[in-house]
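Make a model of the complete structure from these sequences and hints.
Read top to bottom, the protein sequences are chains G and W. Per this note's numbering, residue 1 is the first one in the first sequence, and the count goes up by one each step. Per this note's numbering, residue 1 is the first one in the second sequence, and the count goes up by one each step.
I should point out that these hints are in silico values taken from the structure, not numbers from a laboratory. Each statement offered as a hint is correct.
List of simulated lysine to aspartate or glutamate pairs, EDC-like, C-alpha gap at most 20 Å:
id: 1; chain 1: G; residue 1: K172; chain 2: W; residue 2: E426
id: 2; chain 1: G; residue 1: K74; chain 2: W; residue 2: E426
id: 3; chain 1: W; residue 1: K200; chain 2: G; residue 2: D134
Being a predicted model, the structure only gives us computed values, none of them experimental.
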Amino acid sequence: MLRLKRQSIDNEYLTGLLFVGPWILGFLLWVVYPVGSSIYLSLCAYDGMRPPQFIGLQNYRAIFADPEFYVSLKNTFYIILIGVPVSLFFSLSLAMMLNQRRRGISIYRTLIYLPCLTPVVAMSVLWMWLFNPDYGLINVGIRSFNGWLTSLGLGFLSLPAPGWFSDPTWAKPALIIMGLWGVGGTMLIFLAGLQDVPRSLHEAAEIDGAGWWRRQVHITLPMLSPVIFYNGIMGFIGGFQYFTQAYVISGGGGGPEQSTLFYALSLFNNAFPHWRMGYASAQAWILFFITLVLTLIVFRVSARRVYYQGG
Amino acid sequence: MNSPNSTKPPRSTNLGLLHLNLLIAAILISTIVLIYWASGPKSRTVDGRTEISYWTGWGGRELESLRKLIDEYNRSQDHTFVRWTYVANDYNKMRIAFAGGDTPDVCSTVWADDVADYAERNAIVPLDPYLAASTRSLDEYSTPVQELYRYNNHTYALSTGVGSFFIMYNKQAFREAGLDPERPPATLAEFDLYAEKLTKYRNDNPRDGIQVLGFAYIGQIMSWASVWGVDFWDPNTRTVLVDTPRMVEFLEWLKTNVDKYGYRSQRGFLSSLGNTVSPNNPFLTGQLTMIVVGEWYKKIIEMYAPPGFEWGYFAFPAPPGGRANATILNASMFTIPTASRHKQEAWDFIAWITAPAQTIRFRVGPLPGDMAAASAVQSDPGYDTPYWRFVKDLVNSPNARGIKLPLFNKFMYLMNQVEERVLSGEATPQQALTHMRTTFQSSVAEVFRDPPPTTTTSGSQGVTP
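Structure follows, in structure tokens:
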């Protein structure tokens with residue numbers, strides 16, 4: 001009896017293992033092994049062609065002594081601290097606008113979500129044209145607007161029509177504006193969150209005399225806080241991985257004047273064009289620790305500010 | 001044995017799932033084995049010939065000519081069969097292939113300035129023993145072209161063509177600016193003056209932005225530095241040579257000229273220009289009146305220039321003490337990766353395809369589009385025009401040289417930063433160069449795993465003489 005029971009448990013165990021086997025294999029091969037290797041490679045001089053040569057912590061010391069490390073971190077934090085909040089605000093505003101029972105609202109929702117389906121490379125190329133200093137739609141629009149202001153005698157209110165991607169002052173703001181085009185995904189999550197806010201709370205507040213603004217601040221935002229937090233964390237982690245747009249726009253160089261040299265771009269340049277896989281592995285580990293520490297801090301700080309209905 | 005309250009599936013279901021899993025696992029394993037078998041390199045064709053793989057980056061007309069030549073080679077062979085693959089013109093793919101150890105037997109997807117990187121890492125093999133045992137010889141090429149193929153006293157590559165850089169100008173714009181269109185600038189001072197005269201601003205007001213730029217000084221740091229007589233690398237001491245008074249002098253000249261038009265406004269103007277390979281080409285639309293080009297640019301003009309477009313050309317004007325008729329050479333190099341399993345067959349194909357008889361059909365054809373590398377082919381009547389004679393003289397000039405140093409991409413990346421930092425006023429030339437030297441030297445130290453050579457030989461010069 002005991003033997004039979006034991007055999008049955010063994011069979012179940014084997015069946016379970018077989019089920020998760022492909023995943024375990026993939027996890028070991030494509031996650032554990034590369035992660036383990038990159039720890040070792042971060043301690044080596046390694047160009048991808050010849051066997052790695054152990055050099056201890058030399059890569060880490062070199063990274064902290066390299067001004068490019070600080071420039072790339074500064075640029076990355078710019079995107080995280082300015083780009084992410086702007087994007088969250090924009091997508092939340094859109095979601096609130098689209099959270100209405102209007103005729104044809106699903107068409108508007110689809111239209112706003114559509115740009116998300118554009119590949120990032122194609123989107124970046126398109127925006128390079130839109131931001132063309134001379135012929136781009138944005139500067140042409142600004143110049144027309146300025147002309148109109150001047151005709152009204154309000155020329156002093158004219159807006160600048162900068163070089164955008166050729167101007168280090170405007171390159172990152174341009175990237176943030178470009179990013180707003182793809183907020184459809186975040187907007188959709190906000191929309192789902194907004195539709196989860198109980199209508200009864202709004203009705204009760206309305207009866208108590210609360211206006212639209214107070215209801216948003218005291219009901220919608222607290223009820224939506226887990227969604228805002230989730231989107232914020234996702235944007236935060238995405239900010240640390242910011243690469244494709246900068247790569248396309250700067251041709252990989254991170255210009256003008258290193259204004260679009262983000263951490264991930266610097267890492268890629270060292271790993272591939274510059275043949276420094278060991279150095280890039282060390283950069284990856286530093287990035288991992290920065291992201292981990294900051295995410296933990298954000299979790300800690302936000303613990304009291306995020307309201308979960310479940311308790 | 002299951003109790004009535006148990007949520008466990010019955011034993012038969014367990015066994016069914018087990019069988020299903022085993023079946024799925026078997027299908028997966030067979031698929032992986034099949035894919036591996038199907039994608040792996042084959043050594044022999046069905047008729048028993050040795051099959052070699054060849055990667056080319058040429059497309060369009062060149063690929064068509066190349067394909068015909070390869071077909072001809074395959075027909076003539078009872079021992080070898082060349083299977084070619086077009087890998088687009090992104091030669092970075094070669095790096096990934098080399099890093100993965102999955103390279104073709106022959107590739108022409110290596111730029112001349114990448115040869116040092118690959119050679120230093122033993123990723124490509126020296127061709128000297130094959131050359132010595134064949135009827136081919138480096139003597140078929142002029143000295144600058146020979147040197148382009150060599151690194152550290154070894155020949156690593158051969159090519160069918162060779163590229164160079166010089167300046168083209170718009171004759172109509174010269175006329176409109178009161179300059180003689182048949183007399184391009186002969187000195188550097190004259191060149192700077194011409195550039196100024198050819199530049200126009202919107203509403204004749206520099207504040208309104210550039211309308212036509214006489215010459216874009218930005219982005220040409222390597223060509224100009226070479227003209228100024230700057231060497232880039234000393235292979236004997238393995239040190240970068242850019243931190244010199246001559247380089248400082250050159251950067252000061254560059255900054256003076258860029259400042260005339262404003263660095264930011266010039267860069268804004270350049271970023272607004274249309275694509276080179278299109279009718280919006282800024283040289284053809286008249287937005288740039290003098291530009292740095294390669295010999296291949298003639299094809300662009302023939303394809304997209306408006307009717308009556310007149311153009312001329314001249315070599316970079318040199319400053320006093322600089323190098324006259326200087327240019328930087330480059331080429332798509334035929335090399336044999338170390339991982340090749342059929343090196344002799346790979347060499348036989350390289351020797352055949354780069355031989356003058358084939359080069360003449362590939363490079364010259366009915367109308368030449370590029371300059372052939374072999375001296376014999378350069379004498380072909382197809383090249384007997386003023387333009388091609390000019391290109392030929394430039395390519396074979398004693399001041400024509402390739403750039404050969406390890407970590408070339410890193411070097412270029414840092415040189416571009418030097419240019420940006422100096423032109424934007426962020427650093428003085430000396431500060432920018434000192435920083436560049438320190439950064440590059442620390443990176444390049446990783447490349448070498450043996451002590452530096454003690455002897456000096458002409459063949460090992462970082463920049464060919």
